[in-house]
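Using the sequences and the accompanying hints, generate a full structural model.
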Amino acid sequence: MFVYHLSDDPAYGERARSILKAIQDGEAAVTSTLAIAQVCGYMKWKKKADRIPAFLSLLRSMPSMSKVETTFADFVRAREKMGDGGDWRAWDDYVIAAQMERSGTKEVYSNDSDFDAIEGTRRIF
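Residue numbers for the sequence shown follow the numbering used here, so the first one is 123 and each next one is one higher.
Hint data in this document are derived by calculation from the structure and do not stem from the laboratory. Remember, predicted model here, so these are calculated numbers, not experimental data. Take every hint as true, because none was put in to throw you off.
Cut-off 25 angstroms, straight-line C-alpha distance, at most; resulting in silico cross-link-like pairs (BS3-like, lysine-lysine):
#	residue 1	residue 2
1	LYS228	LYS203
2	LYS143	LYS228
3	LYS170	LYS143
4	LYS189	LYS143
The structure is reproduced here in structure tokens:
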């Protein structure tokens with residue numbers, strides 16, 4: 123969602139902006155240091171690193187959005203959630219799902235369909 127907003131994505135940018143507006147207006151939300159790092163890395167990779175300061179300012183302007191730290195325990199739980207037949211290409215999603223579980227969050231704003239296969243998460247976008 124953050125990437126679509128920051129990159130003015132023609133397909134998903136408007137939906138991302140409406141979600142962020144709801145959060146700015148007080149909707150409770152959670153993100154993690156892993157997700158924040160992913161966004162910053164993506165923006166750097168796309169040669170849009172100049173947008174990172176605006177992204178961090180946006181996050182700071184959202185008091186209703188909790189920012190949870192990524193812990194080693196999140197990685198351990200992600201591996202447990204993944205099981206023996208898990209798809210390693212979705213590793214980051216499993217870590218995020220473990221963080222969601224830890225924070226009591228059931229829904230994720232994402233259009234990444236990999237979340238659909240992770241028990242205990244419900245994708246919204």
